[in-house]
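There are 2 protein chains.
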Amino acid sequence: MSAHKDFQKANDEYVANFGDKGNLPLPPSKKLLIVTCMDARMNLYAILGVKEGEAHIVRNAGGSAKEALRSIVISQRLLGTREIAVIHHTGCGMVTFNTPQLRSLVKESDPDNGALARAVDEIDFLEFSGLEESVREDVKFLEENPLVLRGTKVTGWVYEVETGKLKQIV
Amino acid sequence: MSAHKDFQKANDEYVANFGDKGNLPLPPSKKLLIVTCMDARMNLYAILGVKEGEAHIVRNAGGSAKEALRSIVISQRLLGTREIAVIHHTGCGMVTFNTPQLRSLVKESDPDNGALARAVDEIDFLEFSGLEESVREDVKFLEENPLVLRGTKVTGWVYEVETGKLKQIV
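As you go down the protein sequences, you meet chains A and B in turn. In terms of the UniProt record's numbering, the first sequence opens at residue 1 and continues consecutively. In terms of the UniProt record's numbering, the second sequence opens at residue 1 and continues consecutively.
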């Protein structure tokens with residue numbers, strides 16, 4: 001548990017080659033927000049050719065648009081983004097379990113811990129069963145949500161972790 | 001609103017140079033999860049020297065550990081991560097407003113929209129006032145939360161958007 005010890009050396013190199021990125025403004029220049037999964041294999045900057053300063057990137061387990069809503073409101077209302085891309089991926093952990101199973105697994109790890117049991121029962125883990133279906137549902141959720149600005153362009157994509165390929169679904 | 005039209009060309013290049021990344025396993029090799037902000041200026045892979053397959057990356061407005069909790073439980077219990085790094089940054093939008101102000105701004109944009117008003121009143125936007133303080137609070141939140149595995153190494157950092165420099169706080 002010392003992965004963080006590698007940060008400083010890599011960061012020294014980043015600082016040495018920082019260039020003029022210190023002048024980038026806060027609002028994303030492409031007015032774009034991306035919602036995607038936390039999956040370790042997805043380097044969004046490389047996959048999409050996105051550069052520093054261009055897009056807000058929201059990531060969580062599964063790439064849930066529902067959980068991203070707070071960030072989306074801040075992004076659109078205070079920082080001017082007007083386009084959202086939802087990207088889920090093949091080989092996602094979110095299709096391998098469901099909320100009751102994960103709650104049981106957590107409780108069984110420490111059966112006498114009441115605080116743990118209560119805390120985990122409050123969480124909807126937002127798993128899904130179909131990959132392309134989950135993208136379509138998240139796009140629909142955003143298009144119909146009153147908090148998302150009308151006229152927002154919402155697209156949906158699947159990233160293949162096996163090939164590096166991105167495919168537009170919506 | 002056509003930023004997504006640039007994805008395909010960049011992705012073709014990524015696929016052409018994909019190498020053997022298709023063999024990377026689902027669990028992060030460094031057993032590391034990073035929680036950070038959606039800010040457009042932060043390319044975590046470059047800043048920290050993280051590579052594909054090494055770490056889960058959770059991003060949301062402000063880098064809220066509270067909102068990241070669902071993802072953290074999935075990451076630790078199903079995919080074996082044991083270390084968490086919380087990274088907030090200078091020049092963050094989360095110190096420029098508070099929840100009542102943003103709720104008012106959203107409601108005023110469409111005053112007769114009851115669904116909008118009800119929806120925005122349900123959201124805690126999780127703003128903060130002090131940068132280093134927000135890092136310390138998030139680290140403490142994770143260290144004390146019953147859902148986070150005991151023995152998890154939690155570190156806290158501030159990234160300077162002006163210089164590219166990363167500073168450890170906790």
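Honestly, the hints are just simulated from the structure, not real lab data. Do not take every clue at face value.
[Said to hold, decoys possible] Below, computed lysine to any residue pairings styled on SDA-like, alpha-carbon distance capped at 20 Å: (1) B:Lys107 - A:Lys167; (2) A:Lys153 - A:Lys167; (3) A:Lys165 - B:Lys107; (4) A:Lys21 - A:Arg70.
[Claimed, not checked] With beta-carbon atoms standing in for the labels, derived distance ranges: (5) A:Lys153 - B:Asp110: 32 to 40 Å; (6) B:Glu13 - A:Gln101: 25 to 33 Å; (7) B:Glu13 - A:Asp110: 20 to 28 Å; (8) B:Gly114 - A:Gly19: 29 to 37 Å; (9) B:Gly114 - A:Glu13: 47 to 55 Å; (10) A:Leu26 - B:Ile123: 18 to 26 Å.
Glycine is no exception: its CB is placed at the ideal position from the N, C-alpha and C atoms.
Output the numbers, in ascending order, of every earlier hint that fails for this structure. 1, 3, 4, 5, 6, 7, 8
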